Every structure is written in C-alpha cells, then in structure tokens.
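> Residue numbers (this note's numbering), protein chains in the order written: chain A, 17 to 354; chain B, 17 to 354; chain C, 17 to 354; chain D, 17 to 354.
Bear in mind the hints are in silico, worked out from the structure with no lab data behind them.
Any given hint might turn out to be false.
Note: identical chains are not told apart, hence a pair may lie in one copy or across any two.
[Said to hold, decoys possible] With a Cα cut of at most 25 Å, we get these calculated DSS-like pairs of lysine-lysine:
hint : residue 1 : residue 2
1    : Lys52     : Lys277
2    : Lys247    : Lys277
3    : Lys135    : Lys162
4    : Lys22     : Lys94
5    : Lys277    : Lys338
6    : Lys135    : Lys341
Here the structure is a predicted model, which is why all the values come from computation and not from measurement.
Number of protein chains: 4
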Amino acid sequence: MIIGMKTGASEDEINTVVEKVKSYGWDVQMNIGTEKTVIAVLGSNTGQVSTDIFEVLPGVETVTRIMKPYKLASREVKATNTKVPLDGFEIGGKRIIVMAGPCAVESEEQLMEAAGLVKEAGASVLRGGAFKPRTSPFSFQGLEEKGLELLQQAKEKFGMPVVTEIVDVGDVDAVSETADILQVGSRNMQNFALLTAVGKSKRPVVLKRGFSCTVTEWLTAADYLLAGGNKGVILCERGIRTFEDSIRFSMDITAVPVIKKYSHLPVIVDPSHAAGHYSLVPAIAKAAIAAGADGLLIEVHPNPEEALVDGLQSLTPVKFAKLMKELKGIAESVGRTI
Amino acid sequence: MIIGMKTGASEDEINTVVEKVKSYGWDVQMNIGTEKTVIAVLGSNTGQVSTDIFEVLPGVETVTRIMKPYKLASREVKATNTKVPLDGFEIGGKRIIVMAGPCAVESEEQLMEAAGLVKEAGASVLRGGAFKPRTSPFSFQGLEEKGLELLQQAKEKFGMPVVTEIVDVGDVDAVSETADILQVGSRNMQNFALLTAVGKSKRPVVLKRGFSCTVTEWLTAADYLLAGGNKGVILCERGIRTFEDSIRFSMDITAVPVIKKYSHLPVIVDPSHAAGHYSLVPAIAKAAIAAGADGLLIEVHPNPEEALVDGLQSLTPVKFAKLMKELKGIAESVGRTI
Amino acid sequence: MIIGMKTGASEDEINTVVEKVKSYGWDVQMNIGTEKTVIAVLGSNTGQVSTDIFEVLPGVETVTRIMKPYKLASREVKATNTKVPLDGFEIGGKRIIVMAGPCAVESEEQLMEAAGLVKEAGASVLRGGAFKPRTSPFSFQGLEEKGLELLQQAKEKFGMPVVTEIVDVGDVDAVSETADILQVGSRNMQNFALLTAVGKSKRPVVLKRGFSCTVTEWLTAADYLLAGGNKGVILCERGIRTFEDSIRFSMDITAVPVIKKYSHLPVIVDPSHAAGHYSLVPAIAKAAIAAGADGLLIEVHPNPEEALVDGLQSLTPVKFAKLMKELKGIAESVGRTI
Amino acid sequence: MIIGMKTGASEDEINTVVEKVKSYGWDVQMNIGTEKTVIAVLGSNTGQVSTDIFEVLPGVETVTRIMKPYKLASREVKATNTKVPLDGFEIGGKRIIVMAGPCAVESEEQLMEAAGLVKEAGASVLRGGAFKPRTSPFSFQGLEEKGLELLQQAKEKFGMPVVTEIVDVGDVDAVSETADILQVGSRNMQNFALLTAVGKSKRPVVLKRGFSCTVTEWLTAADYLLAGGNKGVILCERGIRTFEDSIRFSMDITAVPVIKKYSHLPVIVDPSHAAGHYSLVPAIAKAAIAAGADGLLIEVHPNPEEALVDGLQSLTPVKFAKLMKELKGIAESVGRTI
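With the rest of the complex left out, here is chain A:
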C-alpha cells in the first residue's frame, strides 16, 4: 500500500500515519520528494485492509493498493490451474465442458426431453432451475422441491451430473443432495450469508459474476467460498451491465483472459443470459472458447416458444447440436477438445 501525503503535510501528520502502519505490524519506507512525501507500507497482507484506515488521517491525500484484496483465489497463492473433478471428467482441464438445459424445470416431459437431447448433442452436465430468482413477485418462481425431484430423475435416467441454482441459505442441504454442482446466481454474488453457507458445502459451485461487479470483487467473493473450505469453485462470466441497449447484458469477453492471468480458478461463460436472444448465442459461445474459456453454460429448451422463463434466449435442440459441431474446430484451434 502506498500513502501519498498532501503537499505541506506536517511532521506530526506523517508520524501519525507511520504509527498507524506499525500498529498493524507492518514496516514503512519513506520517500521524501521535493514536493510530497510518499510512504510505502511493507507487509504481506496489506491487501485485506481497507485503504480508508489511512486515507481518513489528516494530511493524507491518496492511498493506493499494490496488493489485491483477494488472496485464496489468486495465482500468487496457487500458481497452477485448479481442476474441479466431477464424475468421470474435470472442469478446468484440456476438455471444454458444456452444461446445457432449460432455464427452469417446468415439467417431467420438458426436462427429460431436454436432457436427452443435450446429452446426445454432447453436453456433459444438465442445467435446470428449480428455485428461480425472479425480478417480479408476480412471475413464475420455479417448481422448487418438485423441480429437485425431476432433476434427480433426469440425473439417474441419463447418467448426467446436474447443476442448479441455490437462492436461500436454508436450502443448501436439500439442494446439495440432488445437485452435483450448486450455482450462485449473478444477483447473489455479494449475498455473503449465502456465500458463507455454500462455502461449507462439499459440492462444487458455479459462482456467476454479479452483473455490475468488477473482476476483483468477483475473485474476492470467490475467497468467501474458498475460505469456507469449498475447493470446487468455478467462475462463470454472464455479461455485465453497460449503457448498450441492443442486448440484455454486454458479454465481457476479456474477463476470460483477465481471470486466467490473476486466478487459478476455472472460468466458464454463459452466453444465453448475456445475449438475451437466441440469435446472438452462437457467436458469443464461439468467442468464449476462442478466448480461452473452460466451458459453457447454455440454455436449451425443447420448445422455446412455450418456455415459462427466458424462452427468447434458449436454443432449440437443433440449433444447440449445430453449435456444438461448430465449436469443435474452434476448440481444436486453441489446443482444446470438447
């Protein structure tokens, strides 16, 4: 951490800062310039303290972080890529993993049809929401427990692991019985009560990026899960909120190489929620693989026109199968399989 004093800061003010630094067990090195004094704080865990504690002191002008606020998710703590093992494969390895299925579990018929079709097309994990976080209280909120039962059925019938969203601390145990992977949604990325609960689960977690959270905040949220003992954290970029109004969310494709640079965790991409429209999903999915993503989370519905939730962004099984074929060549071009 670097503390820049104001021009003309008094000796007393400088001493107060130095003493506060030392009270945390850190060392200082003084840089006395012609105009301003700059104090470097030397310590191994300065990233986890707010810059405010120094900026509030009299005579301080700026406080700048050199270390990141996250720790466990960083490459500095773990240099090698984390691979999250699942039944017979792993996420974060050479093979790109595709998770696909309907946004919401709607009925046995819908789920079984979807599961069979996405498996046939090459998906490795079945997605499907039982508990749905909806922006309006008047919208369909999911089948809840009945949805979990259907997911259990599909899982057994098709031998596919399932990923489903968790929205309430009280549901962690029940959902973990069925789900092979828990999903924390975008709007809950900074629901710290939920992160703490999910951090204690033994199930891997897909942590979706908050739609207005920085990569740094995202990795700091991952620290909540890792600090709780959960080693199976899978990051999922799903688009960020910007001023652009021709799509639902702007896919932050650069987040993929940025995550790879700063973190050891695997990162997958959800093109469906970013696009908001099925016609844009294939281009984003291809871009994600080309940029280095470890997997995809794609909405596929046997009959999007009848979907209760997010039909517009769902691929038909035919379009999904076509996309899977196109992704193959791109995966190979970047040294991966799919």
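Once you've looked at the hints, dock chains B, C and D against the given chain A.
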C-alpha cells in the same frame, strides 16, 4: 405492449402472435402499415409479463412495453404519497427525517456517544449495523447479536428508534425485535428470498437501491415487499456504479424526482456511501434535500479515524451538527421542515 | 509514480526500470519488501507521462499514478478560485449566473421573445445554438450564419451577453465576433483540434463534460484550453451516460464538489440535457445550486411544443420564472446570491 | 412510433396529437384500451424524427420508436453485405483482413521495420498514425506531415495500402492523397463536422465506435458518411467504457453479431485499444474472429519498450506472427480465410 412484426411477416406468423395474445385473455388491435404490421396488446396487466413470450415467436421484430413491470409501488395504483408512521413522526411527510449514526456498532462506548451526539444535532433515527455484509471474508463482520443488544440499550437510553441492516432470512425475527426499521442493503436489493421474508415483517423497511439497478427494477423489488403485506417501504438512493473514478459511487440525484413521478413511496438519500469520503457528504446531502428527498441516512462516528468500517465516509459529530444547520435553510426553501 | 515489480523480478529487470526513470531526469527510491520490490519515482512532472512507458518493461506488475495528469486546471497550480469576468459581472464569484434561452435559434420572433422573457426572469446570459451538432444527418442542423446574426440582434436589443456553440475549427473567428462566450459541446470535449483552436480565442469558453468522460479527463481537456492561453474556462456538468434508462443522462451532482476540490475553475450545471424532460429540470437545478455550482445553463423556449430541437427538455418562460424564484432561497442558504 | 397517452387523457389532448402526426404526412391508428389510449403512427420515415415532438404534448405519457433512427446503414435499405474493395482484395468478403502497424509513426526506421514485419506475417494493410489525438496537450502529438511522407514511402516500398487517422476537417484532402483508408477515431465518432467532410472523400473510412456510444448511435454516425456519398464505410469496434477497471476498455464482442443483424456494413475489431495490455490482445483477437468479425486492426511495434505512444498494448512482431498463425484455424472453423 406493442408487437412490431418484421417487414414481410407472413399471415400465419401474425395469426400465431394474435392467438398467443388472446391466450392471456387480452385483446389486440392491428396496425397494418405500408411496410410493417404492428400489433397493440390491450389488457390491464401486460406489465407483469415478460416481453420474451412474444419476441420468441417467428416473424416478430420488436416488443415494447407501455406498462411498467411494477404495480403496487406505482402512482397509478396509489396516487397519494405514502407516509410511513414511526413513534411520533412519519417518513414521507412535510418534515425531513434524518437517520444518523455509525456504519457499524463497535462498542457500547462508541454507540452511546454517537447516539447522544446525533440526537442532540437533530437526528430522529439512530442507524448502526450489527450484521455487516463485507466484500472480503477477512474483514470485520459486525458484532451480530451483541450489536443488537447495544442498539436496544441505545434505543431505550435516548428514546430514538433504530434502523439496522438485515442480511440473512434467518435473522428477520430476532432483528425485528430490536429494530424499528429494517434495512435491506444495496447488494441484497435483488435477494428475493430476503425480500420475501422481510415483506412479511411488520417493521418498516429501508430498501436501498442496488448500485447497478434501474429505478424500474428498484420499484419492482419494492413490489416484493408490498406484495408480502409490508406497507412501510422507504426507498433509499445511495449512489450507482458508473465509469467515474473520483468517487465511490455516482449519486443519482435525479432518481429522487423520478421516484416522486412514478411512485407513491417516500425516498431518502444516503450521501455517505455514494461519496466514500466525508468531504463530499455535505454537498450531496444538501443537493438531496433541494431535489425533494424525504430524508437522509448519514454515517456519523465519534472518532472516524478509529472506525472499524467506513471511517473515511463518516462525519464527525461536529461536522454533522454544522450540516444539520445548513440543511435547515434549504429545507425551508423547498417548503419542508427538518 | 509508483512501480510495483512482480514477485521474483530479477535484478536486471529492476535496473532497467531504474535507468528508464533516470532517463526522464527523475530520481527513484527503492522499497525492497519481503515479497516484492516497489520503486517510487520522484519528480515534479510525472503526471504528464503515460504509466505505459514503465508498465511495458519486463518484470513490472503495476504502475500507479500519484500525480494527476492535468496541471494548469489543478488547485495545486492555482489555489484561489478563478473568476471569469464578463460585461459587468463574473462567473465563479458569489453571484450565481444563469444562462438561459432556446436550444436552437429558430427565427427572429422566437429568439427575441425568449431573450426578453429570460432576461425579465433574471437570466444574465442568453443561450442559443446557431450551429447544431445533431446525431442524425437528417435532422435540422441550425440556422448557422443567419443564427449568428439573430444572436447579434438579440444581444444588442436586450444588452445581454450571448453564449453559443462552436462545432468546427473553421468557425472560431466568425463565431467569436458575436459570441461573448464560446461553448464546446459534450461530444467535442475530446476533439483536440477544436480545443486547440478555441484555446487561442480571447473569448471565455464553456467546456461541457463529455458524457462518458471522467472528471480527470475533463480537467485534462481544460488544460488544452488553458495551455493555449485562454484563461476564461468555465466547466459545465451536463449528465453522464449510465445504465439508468428513466432519464436521458444521469446528473453527476457530485462532480460539483469534486471539481471544487481539485480545480480552481468555475463549474456550472446544465439540468436540461441531463433530464431530457422539462418536469425533472427544476429538481436538478435546485440540487446543483445546493451542491455548490456557480451557475446554470437552462433551455427555455417560448413554445416548447413547436421547438425544432429538444422541446421536451425546455422550460416554458412561466416555469422558468417560477424556478428562478425558488432558486433564490437555496442560493441564500449556501451563502450565494442569484 | 407508438404514442401512449396518460390514463384519463382528454379528447382534446388526443386530437392535438393526431393533428401533429398528420402534419408530418403520416397516418394514425387508434388503440383505445380500457385504461389508456395508444396511438400508432404509420409512416415510412418516422425513425428520423425525435420522439420529443410528441412527448412534449399535453396528455402524452410515453413515445416509443419502432423504426431505427439510422437508415442508409441498415439492412432494411440494403440486404446484402457491403464489400469495400481495395487494391486487390476487399473488406467484408470471405477473407479476413488484418491491418497492423505502430500506433504512431515515429521515424523512418521504425515504420519501415514495422511495415516489413507485419507484411511478412500476413497483414494486408499498414496502420500508422501521423496526426495523434492525445488526451493531454503535453503529450507527443504525432509527426503530422512528416508522418504522412513516411507512410507514402512505406506504401511504395512494401506495396501495402495504408490506413491513418484524420483529426481535423482541414486535413482531409492532404491525408486522402496518401491514405488508402481514412480512420475516424473513437473520440471523433460524433464530431459531425468531421463526418461530413470525410463523407465527401472518395477514400474508404474506418469508423471507430465512440467508446460510450450505442450501436444505434454508431450506425447513425455511419449514416453521415453514407449520406455524404462515401460508400466505403468500415465499422470498427474498439471497446466500450464500463465500470470494470482491470482493462482499459471492455471489448463489446456481441457488437459484432449485432451489427451483422442490423447492418450491411463490414465490421472489424481493434483488440489493442480495448485491452490496453499486449498480454490480452491475442485472446480478444481470436474471440473477434470467432464471433464473425471481418478483420482486425492491431498495433504492432518493432520495439514496444521504446514506443512513444501506446507501447504497452503493442505486440512485438514475433508475437504478432504467432497470433496470425493461431487465427488461421479459427478463421477456417467459421468458414473464412485469413
């Protein structure tokens, strides 16, 4: 809702749309232009349905809402301003209500000193966090139950109602025993499990705006609370995330008149979290009152340099008292008292 | 400037950085931590050099500015507030200056009526666009030379100085003959060719903030004008682009105290372009004065329903006169006159 | 255009709206709902009129566009993809075109070395800035005329067309003599005086997206060029400004398929300015091709450590050559060549 068909959409495609509209019990009116057909959907509750259900149909180009997705929070449902009664006063009336106190309850000494000083300076409600949602798992998380006890003590000692944040569904009952007003924080504005739980509480709720949520989404979140039976919803603007990097969040001052235009709910402003720095708090607080806010939520700490959380944005009691005086003239200029 | 080396950076890499620093005539101070080496660059003009020149070197992890990239616009170079003198008054002094009039000059009748009415209501400067920057090539582009002639007429008839926009380097001389204040629009804030030309004019300049430019970029653009010799720079906040869709632009009200903190230049506020709708203009105008703005730039049209440009955001003369009265009390509450 | 009247709007108010619509030569169709009246405006050029002209009328609540404000750039006006012919190849065809070279022309030696190396690696067009728009007046502003001369030399020596930026209306003729393609920079995308001048040039134009402009605004700016008679418009996505702070600009990769959906113009991607750091350039470049871009504009410098401008985001010739090889497979996977 207005459905614009693509140039050259077929009669079949148009008929499919019309049938779908009718399946919801609504009427259509056809606008057959020279180039495109536009279908107006006529019904009283079209705002609560996703535009996707029509946009996914073949031949549809655009679907545009005329009605808002929120209902109970809207002025159309309730034309007169809602006033939330508290012990001896109300929020949303002529008098501007100031809620002040430390970000986090840290100790008996700190809380009692703060409570006494903010009361003396004219604050009506004491704020103080017992459960703190922190972005890093390694930061101070609040005194929790012990914090609630101290709030109870301060409340009795100074005869001031208290507002405190609720972060977990499981805490609603316990917190409601002490808190006169519950607070739902910015990062939980779309935590629908929490909104549902708080909606059933009898305590009024300060619903902070998600830092990247639109006014429409905010009012739709308020609908969750209102639909649950909670009539005491108080909106709180606290700054939005933008590209600007000289402050923590950009205060969206225009949200105040916008809320007044579309909603009957009272709206207060939190200048502290937007500013991130005490030196900017007074200007924002004054602007908020001038723009028509019904109240303020301000962080005041007896000794900001020693604060465990957010010291940099806290006013000293002296600065707070000075601000309260300055606000008086502005309140009068806009026909209010404080 | 602070250069953070990567963990394990070699001695050679560190030396290369040190030599590059010295090649600019600056000194270094080394902070050799247990994990990382941090190099402080000591010099008085490091703010004007890109951080890239060091970040590109091998072994460098981060480069952080301590000094701002702008210089002439900063309070460090000039501590006292700049007051821009005009015929009989000044901008940036105790008196708040209101500039009002139609968005575009449309006809003699319209301009004279507007000028008379805004003067009567208390405006000090007449605004009116002769050259209009329009987002579509098919929109009305302004009366151009004819518009300047009408502004000259109004100026003489009512004895009011006029402010008008300049959109082309080639027009600086012609516009300067009539205009008492030149205006550089939001979309031209980083049109450096235009800034260079206007910097050489003797007329004061209203420099509108680019709708997606940071305060730092804005003050750096002001440096272009000041470096050219133009001392009469007046900053104008007019709203920034955000995700919020209920208004045209989000008024960044905090920019007012932020500018006052970092710069000596006067700052005014344009509530009309931010609001996009007349009903929101008064609240923003009041907030601006409460927050410390030195003036306002407001669109007033004798008949907004017939306006060729931006009628929706224009106040009627009656509404403008009412607003001027309401602003009086707020101005007095913050120690100003109007 | 769809005009929603307020609940309880009077017959007079409705009639005024209808008359105004008819004054533009358009027809109306009335949708009289149980609660609100909605008026559909039927005409072929409603997209080019501001919604304000109706929204300002009494009794009007909302006005919604059905038609886009741009016309000439739209697929509705021209269904087939535009291909911009250059000497021996075309932009917008099956072959992906790569434009590469240094950000700024710095010296004969630097430019010739860069030109030779990028040609060898497979680039088709040489990029290099002679006139540089710089955010600070104290930064290197380019070699100007001398830079043009060097570009002319490189062009002759290597037989490569060159693209260079134009920043001033007065330079259009001089730059057009040397440049095979003119470039309008991001900060000038809404410099309408410049667009008008460049629209009259016979040279193709790379129109970079304003870093905070929507796709709709971008295509409307393209209309300026097309309306001026310039048929060779090439769009260039270069990243947008968002809240994310780990990169310089967020690459809006979805803009590529969105442009392809709404416009017939070719679109290329500049990964260098978005990334701001060379290490992120390859991932973005690959994603762009996978998403369907027609070309790339990449900064390559023989010695980035010594670059006067933007060295950090420039690839070395070795890294560029490696990238070109990797792009080949991706291009083939999406049915293109490079």
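> Evaluate each hint against the coordinates.
Hints and how they fare:
1. Lys52 to Lys277: Between copies only: 18 Å across chains, 34 Å inside a chain, cut-off 25 Å.
2. Lys247 to Lys277: Classified as within: same-chain Cα gap 19 Å, cross-chain 42 Å, threshold 25 Å.
3. Lys135 to Lys162: Close inside one copy (22 Å), not across copies (52 Å); limit 25 Å.
4. Lys22 to Lys94: Answer is between; shortest inter-copy Cα gap is 15 Å, intra-copy 38 Å.
5. Lys277 to Lys338: between (32 Å within a copy, 19 Å between copies)
6. Lys135 to Lys341: within (14 Å within a copy, 34 Å between copies)
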